[in-house]
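Q: Going down the list, the protein sequences come from chains Z and U.
Add 17 to the 1-based position in the first sequence for this note's numbering, that's all there is to it.
Add 15 to the 1-based position in the second sequence for this note's numbering, that's all there is to it.
Heads up, some of the hints might be wrong.
[What the hints assert, rightly or not] Simulated coverage check for chain U against chain Z, where a stretch passes if three residues somewhere in it have a Cβ under 8 Å from a Cβ of chain Z:
1. 39-50
2. 107-118
3. 185-193
[Stated by the list, open to error] Across the chosen pairs, the derived CB separations fall in these ranges:
4. U/S33 / Z/L441: 48 to 58 Å
5. Z/A582 / U/G204: 43 to 53 Å
6. U/V227 / Z/R480: 51 to 61 Å
7. U/G204 / Z/R453: 31 to 41 Å
8. U/R182 / Z/S541: 39 to 49 Å
Read the hints as simulated data drawn from the structure, not as lab findings.
By construction, the Cβ of each residue, glycine as well, lies at the ideal position given by its N, Cα and C atoms.
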Amino acid sequence: MCERALPLGWRRWIVAMVLCLAGLLHNAAAESLPWHVITGQVLVTPDGTLDRLSPQLALPVVREGWEATSLPLVIPRHVAPDHVSAGQIETVWLKLDLPAASASARTNEPLYLYAPRWQTVGRLTVYADGQQLWQSRGGPVWNGYNYPLWIALGHVPKDLVIRIDVVGQVGAAMSTVRIGTRGELFWRYAIRSFLQTQFPYLSSGGLLAVGIFSLLVWIRRRHESRYLLCFLAASAYFLHTLQYLVGQDPLPIPEEWFSWLAFNSIAWLILTCYIFIFRYLGLRYRRFEAVLFCTVIFLGTSTLPLSWLTHLVFLYPLSQLLLVALNLVVSVAALRAAWRARSQEALVFSIWNAMSTPIALHDILLQNYRVDIESIYLLAYLGCVQLLLFMYLMYRRYVSALDEVAQANANLSLRLAQREAELLESHRQLREVERRDTLTRERQRLLQDMHDGLGSSLISALRVVERDPGGTARADDIAQILRECIDDLKLTIDSLEPVSTDLLLLLATLRYRLGPRLESAGISLAWEVGDIPALQWIDAQSALHILRILQEVFTNLLKHSHATAIRVQTRHDAQSVTVRVHDNGTPFDPAHAPAAHRGRGLASMQRRAQALHAEVSWQPDATGTWFTLQLPLRSPVMPPVMPLPVLPADAA
Amino acid sequence: MSTAPSLPIRVALIEDDSRFTAAFLEALESAPDMCSAGTAATLDDGLALLRQLPAADILVVDLGLPDGSGIDAIRAVRTAWPACNVMVATVFGDESHVMRSIAAGATGYLLKDSSAAHIVSELRSLHDGGSPISPLIARQVLTRLQAPAADAPQTPTGPKPTELSPREYEVLGDITRGFSHDEIAQRMGVSRHTLLTYVRRIYVKLDVHSKVEAINVARQHGWLRDV
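Taking the hints into account, I'd like the entire structure generated from these sequences.
A: If you want it as structure tokens, here you go:
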């Protein structure tokens with residue numbers, strides 16, 4: 018059961034290990050390709066050189082001193098060297114133990130040499146069968162150490178020698194070496210190459226683009242410092258990553274400056290990440306941040322390649338240790354802050370930041386040949402994920418800000434709709450009030466009119482009938498009164514027609530209604546009206562007033578004046594419009610009007626004229642009487658058409 | 016006025032007020048050139064009356080019938096008796112009644128308080144092609160129909176069916192200013208009868224206009240397809 022429980026993957030591993038062990042045991046013997054070279058002979062000689070070397074291999078003449086070594090080969094670094102005097106170069110010679118070429122190894126396919134990594138400050142040269150095959154370019158420090166070796170060998174070599182010229186006593190390292198055909202080895206090279214150089218290259222470029230986008234955002238929104246921090250972090254990461262990529266060719270800037278940049282950029286990345294996380298949590302540790310800044314500035318200035326201090330006091334490994342210690346302290350602070358803030362994403366970010374300490378330690382140890390030289394520098398990966406987290410947090414903030422804006426817009430439109438509804442409601446109420454007001458006014462108008470006109474006329478008719486219940490002597494009187502009632506009604510209805518500001522139309526209507534009565538009474542009518550300006554103030558009420566005044570005039574003429582000819586004229590000046598009616602009957606003077614009925618009619622006319630701000634007058638002349646109705650062109654007091662809209666009290 | 020004394024004017028009446036009917040028939044009897052072509056007191060009886068032949072020359076209709084609107088009778092008579100002139104009997108001759116009737120096809124209206132002589136003269140005038148008009152109705156017509164184009168008074172195709180001619184426009188304007196038919200006729204140098212035929216033409220245009228308007232409304236609502 019137990020054996021079955023063993024996963025398939027493990028079994029494969031075990032088989033592979035066994036095969037590998039077998040390979041080691043039979044290393045010296047004839048072996049088929051590809052070869053994995055894990056042993057060699059090493060010799061260290063002084064007086065190396067970075068000058069141009071001869072294409073032929075010139076092994077040192079000494080026979081003794083060669084030591085057997087296993088690969089990867091490590092020549093350790095002196096952390097505190099006895100003398101740092103520049104210019105001393107030693108040469109490390111490495112003869113690889115190649116297996117005897119078996120028959121099967123003789124292949125027509127060209128062979129390649131692949132080594133995952135080498136590292137030193139200096140230069141590496143590879144010889145095959147005494148001929149120089151490959152030499153590192155670049156400078157002594159930035160010499161392309163992070164690029165895996167991929168060298169075309171051609172035929173099967175009899176011997177392979179690697180010469181490493183080391184500047185100072187910084188040590189050197191050489192990984193194991195594989196020899197085989199392209200098909201056998203290239204995938205290893207491709208994966209290595211991707212992990213060590215291409216991935217940092219791609220990620221730093223992509224993240225830098227995002228950083229530049231952030232910078233552009235920050236330029237427009239200066240108060241949002243996190244956009245600037247994002248740009249600074251992306252830039253620092255880019256600068257840091259450059260060190261894994263350079264060295265294929267000589268650098269455009271002095272090597273010391275590039276070293277300074279490569280070292281300090283990681284400090285800057287740490288600084289921006291922590292400042293960001295504190296700002297993200299809304300925290301501001303003034304003293305702590307001041308210490309952080311000071312340390313970063315100290316590192317930056319003390320490692321400047323200008324100062325004489327640099328070579329005497331400062332050593333990169335010690336600075337690195339300072340940086341690691343600093344990072345440890347700050348990451349603990351960030352973790353604590355994130356934990357207290359109960360912010361899950363800040364906690365994740367801080368935990369990842371805290372990971373930087375062991376990873377940086379790993380990289381330092383790798384740089385100092387303390388861990389397997391075939392490892393990969395991990396800070397690039399850490400930085401990449403860190404920056405992605407950084408951008409994720411930015412994205413979260415960005416999206417939540419967008420959500421807030423959308424929410425705010427929704428609230429705004431909701432409030433707008435509410436206000437709109439309130440406004441509509443208040444308008445509706447206003448209209449309702451206005452409608453009720455109009456109805457009331459209209460009712461009052463008609464009631465008043467019925468009371469003065471139709472009602473009193475009908476009562477008069479009733480009186481006539483009552484006074485003479487049996488006889489028919491007053492039939493003409495009754496008919497007369499009823500005709501007046503009908504005329505009254507007709508004029509009332511005419512006043513209900515769509516409002517017209519045309520006084521002539523009112524006069525025409527009056528003539529249309531009363532004309533037949535004048536005609537039947539044998540009274541001639543001369544219509545001498547001319548065009549007059551429109552009276553804007555005429556509404557249904559005032560139209561009826563005008564009609565009633567003139568109706569009263571005509572009725573009186575019919576009843577009392579014994580006139581045979583009537584003239585109607587219109588005139589106007591700048592202030593008023595005048596309607597004049599002349600009759601050739603008995604001269605009339607209102608001051609001497611004894612009849613009670615007539616008095617009531619006159620009072621009614623005066624009241625109506627007053628309501629119109631008009632004047633009525635009578636003037637006798639040689640042939641009769643002139644009646645004049647003078648109407649104002651513009652109403653002196655315009656009734657308010659509509660009350661001002663009242664906004665809801667809380668609208669402001 | 017009457018040109019054919021041998022053939023009396025046949026007048027039919029649809030009216031529910033028996034007193035007016037009696038007064039109306041009395042007025043007809045007093046006129047030697049007129050005779051009754053039948054009366055009806057309800058819309059149903061009126062529609063039945065319209066199926067009788069020979070057709071009347073004039074139909075007088077009251078709008079407020081007990082079993083329906085006189086407007087239906089006006090519409091019906093146009094198919095039943097196409098040559099018949101329609102007149103609306105109304106108490107006030109108010110704009111809303113008269114305009115609706117004209118839009119349905121009436122060409123005149125009769126005030127119910129008119130004297131017998133006036134009733135007869137109105138009937139004669141209508142039979143001779145004239146139509147009455149009040150100032151308020153003239154104003155309504157002016158607002159509904161198009162004024163004649165001032166820049167091109169005589170287009171080769173003639174005026175549009177809903178456009179007033181300059182003369183018609185002038186007549187309507189004078190009526191709204193209160194001038195009587197005689198005064199206007201005198202001013203224009205035509206007979207009173209000719210003037211009243213102008214009004215008849217105006218009413219026909221108003222009828223056409225109301226139909227055009229109905230078609231436009233129908234088009235706007237998609238009830239009719241544009242051809």
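Q: All hints are to be evaluated individually against the structure, with a verdict given for each.
A: Hints, one by one, checked against the model:
| no. | hint | verdict |
| --- | --- | --- |
| 1 | 39-50 | violated (count 0) |
| 2 | 107-118 | holds (count 4) |
| 3 | 185-193 | holds (count 4) |
| 4 | U/S33 / Z/L441: 48 to 58 Å | 54 Å, holds |
| 5 | Z/A582 / U/G204: 43 to 53 Å | 25 Å, violated |
| 6 | U/V227 / Z/R480: 51 to 61 Å | 55 Å, holds |
| 7 | U/G204 / Z/R453: 31 to 41 Å | 54 Å, violated |
| 8 | U/R182 / Z/S541: 39 to 49 Å | 27 Å, violated |
Violation of the numbered hints given earlier is confined to hints 1, 5, 7 and 8; the remaining hints are satisfied by the structure.
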